[in-house]
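K.L.:
Note that the protein sequences, when read in sequence, are chains G, S and W.
Counting with the numbering used here, you get residues 1 to 383 for the letters of the first sequence.
Counting with the numbering used here, you get residues 1001 to 1305 for the letters of the second sequence.
Counting with the numbering used here, you get residues 2001 to 2330 for the letters of the third sequence.
Don't take every hint at face value.
Claimed, not checked - Dumping the calculated SDA-like pairs for lysine to any residue here, alpha-carbon to alpha-carbon at most 20 Å:
#, chain 1, residue 1, chain 2, residue 2
1, G, Lys207, S, Ile1264
2, G, Lys166, G, Lys193
3, G, Lys270, S, Gln1154
4, G, Lys170, G, Asn160
5, G, Lys121, W, Val2075
Since the hints were made in silico from the structure, they are not lab data.
Computed from a predicted model, the values in this text were never measured in an experiment.
Listed below are the residues making up each chain.
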Amino acid sequence: MEVTRKKFLATSAAAGAAIGFPAIVGAAPEPIRLGSIPPLTGSNALLGEQEHDGVLLAVEQINARPGKVYDDRPFVIVEEDATNDNQSAVSALNKMLGENVAAIVNPVLSTQIQAMAPVMKDQMIPWMTGGTAVKNTQLGVPGLFRLRASDAITAAAITNFILQEKKAKKVAILHASDAFGTGGAEQIVINLKKHGLDPIVNLQYPKDAKDYTAEILRIKQSGADALAMYVQNPSDTAVILQQIRSLNLTCPIIGSPSLANTTAIQTAGKNANGAYAAVDFIVGMNSNVATHFLTSFYNRFHKQPDVGSGSGWVFDAVGLLAYVYKQQRSADPKQTIASLEKIRNWEGVLGAHTADAEHNMVHTVSIGQINDGNFALVKTVTG
Amino acid sequence: MTFDPVANLQLLVSGLAIGSIYALVALGFVLIYNAVGVVNFAQGDFVMFPSYVAISFLLPSITIFGTIVHWQLPLLLVYAVVLVLMIGFGLLFTRIAYYPLRDRGWMPVVISTIGVSIFLRNAAQLVWGSQPQVMPSPFPVQTIALGPLQVRPQDLLIIGVTALLIAFQYFLFERTTLGKQMRATAQDRDAARLIGIRVGRIVTITFVYSVLLGTISGLLVAPIFTITKEMGALIALKAFAASIVGGFGSIPGAIIGGLAIGVIETFGGFYISTAYVDAIAFVILIVVLVVRPQGLFGERVGEKA
Amino acid sequence: MSRRRWLGLAVLLIVLLCVPLVVHSDYLLNVADIAGIYAIAVLGLGILLGFAGQLSLAQAAFFGIGAYASGYMTVHWGWPVLPSMAVATVFSGLIGLGLGWPCLRLSGHYLALATIGFGIITQLVLINWTSVTNGSDGMTGIPPPMIGPFALATYGQYYYLVLASLVLCAYVAWRIKSTRPGRALQAIRENELAASTTGIDPTRYKIVAFVLAGAYAGLAGALLAHSIKFLSPDSYSFDQSVIFLVMLIVGGSGSIGGAILGAVLLTFLPEALRPLKTSYIMVYGAAVIAMIIFMPRGLAGLLSAALGRDDAAAARPLTNPAQPVEAKSA
Chain G
1 MEVTRKKFLA TSAAAGAAIG FPAIVGAAPE PIRLGSIPPL TGSNALLGEQ EHDGVLLAVE
61 QINARPGKVY DDRPFVIVEE DATNDNQSAV SALNKMLGEN VAAIVNPVLS TQIQAMAPVM
121 KDQMIPWMTG GTAVKNTQLG VPGLFRLRAS DAITAAAITN FILQEKKAKK VAILHASDAF
181 GTGGAEQIVI NLKKHGLDPI VNLQYPKDAK DYTAEILRIK QSGADALAMY VQNPSDTAVI
241 LQQIRSLNLT CPIIGSPSLA NTTAIQTAGK NANGAYAAVD FIVGMNSNVA THFLTSFYNR
301 FHKQPDVGSG SGWVFDAVGL LAYVYKQQRS ADPKQTIASL EKIRNWEGVL GAHTADAEHN
361 MVHTVSIGQI NDGNFALVKT VTG
Chain S
1001 MTFDPVANLQ LLVSGLAIGS IYALVALGFV LIYNAVGVVN FAQGDFVMFP SYVAISFLLP
1061 SITIFGTIVH WQLPLLLVYA VVLVLMIGFG LLFTRIAYYP LRDRGWMPVV ISTIGVSIFL
1121 RNAAQLVWGS QPQVMPSPFP VQTIALGPLQ VRPQDLLIIG VTALLIAFQY FLFERTTLGK
1181 QMRATAQDRD AARLIGIRVG RIVTITFVYS VLLGTISGLL VAPIFTITKE MGALIALKAF
1241 AASIVGGFGS IPGAIIGGLA IGVIETFGGF YISTAYVDAI AFVILIVVLV VRPQGLFGER
1301 VGEKA
Chain W
2001 MSRRRWLGLA VLLIVLLCVP LVVHSDYLLN VADIAGIYAI AVLGLGILLG FAGQLSLAQA
2061 AFFGIGAYAS GYMTVHWGWP VLPSMAVATV FSGLIGLGLG WPCLRLSGHY LALATIGFGI
2121 ITQLVLINWT SVTNGSDGMT GIPPPMIGPF ALATYGQYYY LVLASLVLCA YVAWRIKSTR
2181 PGRALQAIRE NELAASTTGI DPTRYKIVAF VLAGAYAGLA GALLAHSIKF LSPDSYSFDQ
2241 SVIFLVMLIV GGSGSIGGAI LGAVLLTFLP EALRPLKTSY IMVYGAAVIA MIIFMPRGLA
2301 GLLSAALGRD DAAAARPLTN PAQPVEAKSA
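Make the full structure from the sequences, and use the hints.
P.N.:
Pasting the structure below:
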């Protein structure tokens, strides 16, 4: 091939321009600092691990795509440990606010969210949280968004399922003594009242209780025809299910998202079979996004992601932020908050995200049934 | 609430089972207390730690320090390995947490055992991660029907093994030389030394025996609880309360105290309130301390001049 | 105290007063506030354990009682914050009296156990008495203190409130220690029976120690409540009482400076070790064992020895407080 001088010069000029262009335009694209505050140590360390993994997976996938977030800007994770102490969580938040982050993902624990709220009230930074206590979005924090269905929606779904699908009249409630358990139980009571019913028995168990004979026998004695469970700890959940089976309590069981927690199901083994749970997401509800998430999570970490409360929603949080940043070609916090408020039907792992007036993004919950460690979709409810 | 005999029998069995665990842990406390005058705050973690060790060899695969390993061994070999490792741990514990402090009175040792407890719990998280572990049950069935009762076979195993251990304990202390030496040392160390008992060795043996009691408790209880780093915490506190209620320093007291608290808790949860179950043990404790501090079987508490 | 020592303290105080002027990081000021608050609680424990030799593991319970009392009065009754804090302090002290009275006859392990039981029951009450505490959901909307029209809203402003409280508490503790009641407490700690023969009524002094420990922890709890503006019962567990105890031991149980030093150090240390994430807690446990073996007088004792001081008021090593003799039956 003959290389004419003109061609050579043109090619060189083009090559030179290609090499020199970024240098002319500016330095390497500035990373976007994404804050994350999972509870890495303390009694919620398991949850923290899942949240850490979910954020990591999302960031890796986004940074691997062409253009990264936008204009080749990658995400960089700035992570602090929330521990399980309120003041330590607030310290972690303060530390993070001094580190120039564009947005914050986590926590999922409502008590930590409420402890951090007074500090976040004065910050116009997008705060993607996963706590389901109804009150979270009513604390007057301008940047707070909730990326999971609130207890109001979940409890309504559970109650309706019990009353309509299972045709139960005498509903027993068993719940953990922590904020999640009591809040959820309250919501179920409220929903039962809307149908003119009261729970036949409403029992609270202390955390780390090892024996549930008393509770289960009380439920049996009450003649309940359905049991609503608001549990928290996977290890407690497993013991409860085992004792329910061994004491022969046979009424249908419908539980909070944490009942479907992967660890809980694995630990409970056969004892979980037949139980229903209201969950964040499930294969079959949203086949593409959720399936992709489930397989890539497993391939990356060699363990199942949690469908209850851990890794799915944080994956969505990061994905949603990336989507907004790309649309506005900017990571400006205030602008991002305004854009998030306008989100309609963005598809995430947990389904369609649409912002309402109180900054709730997710309004659907799925009821599924557990069988041999697998979860089968029964019904999707929108609240 | 109507009186339902089946339900009450059910409660009794469950209560005795959990009470047996309290009794075994309380026994461990009391032995150490009798030998060296100190309460061991790490006794509950002596239940937790061997459970984790056992599970590492029982499961086909487990995550250690973040990597997956396959160390599965046959059941009997696992028990042997765990016993050997825990004896070693007991020796280490005596040497590090007790020995350097033995002449400094009880409080430094108590605080040292608190340090051991913190260390063990967090070491467990570091080594095995935060995932709760499930110990496979040695039984093929979940429940056994005894007449109208549905009973967990593991509960029966716990009650049975505890009874055997108590019998063994009695035999050891009343009929063997070693046992008598342990009793003599517990009663009066200086006098024991004077009659030629090697007190240091006896103290070490007492500690190791306590650790083994904890180990057996852990192996018994792990299949029905799940194994977490916190599993020993509340058990230890209640066993503590049980030993006071029974009479601190008294072996039969520890056993009866443990069983009593287990049963009262279970019935209390059913008849009174499930939410306040944990309080029951401690309310009983405070009442006993105020009304009769020596507990059911202890001797009168006096002041040292 | 010697003139040199007074001068040293004055310099320290001036340095502390200047901290918010120089340090602008909200994060560091927040941690400093928490350190000061913990120091007050640990100081209270120091009076009870360090001076009087009574091992109480209920300090977290009073921490919670003070916090919720002040929170409740300000949120539900609309009281102004500073008077609420004062009332909460007194209230906690009275509860301390309620705990101390029945425990008078107990000592050693029995006392420790009774206090553990009290602590657990208190936490259960905080969780379950929902009409007052709002239970596990927690109490939100706790207001910051107002001085006239000004709210102490920033960490820097709050710092001065905490510092003033700490100085007051330290002063009270010092007065007790260096006067008759303090010596009486120390005599009781060493040998209660002997002390009673010299005309000291151990009962009265032990009660005072319990009341003060409760009051100090209550004040600390109230201060924390109005700083974070949110309360939840899971912070007031037995584990928290253990943390207070460890702070006291590490700092040096017999001295005021020791209690404060231990609290400050063990509040800043976990923050400094944040990059280590999970490994640091294990180090923590190992450090406790090492400290009690090698540094029985705590850091204060170490510093004291290094400075060559040997006055009777210096940190005393943790030895064997009066304990009951039980005839043991095998």
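K.L.:
Hint compliance check: list the failing hint numbers for this structure, sorted ascending.
P.N.:
Failing hints: none at all.
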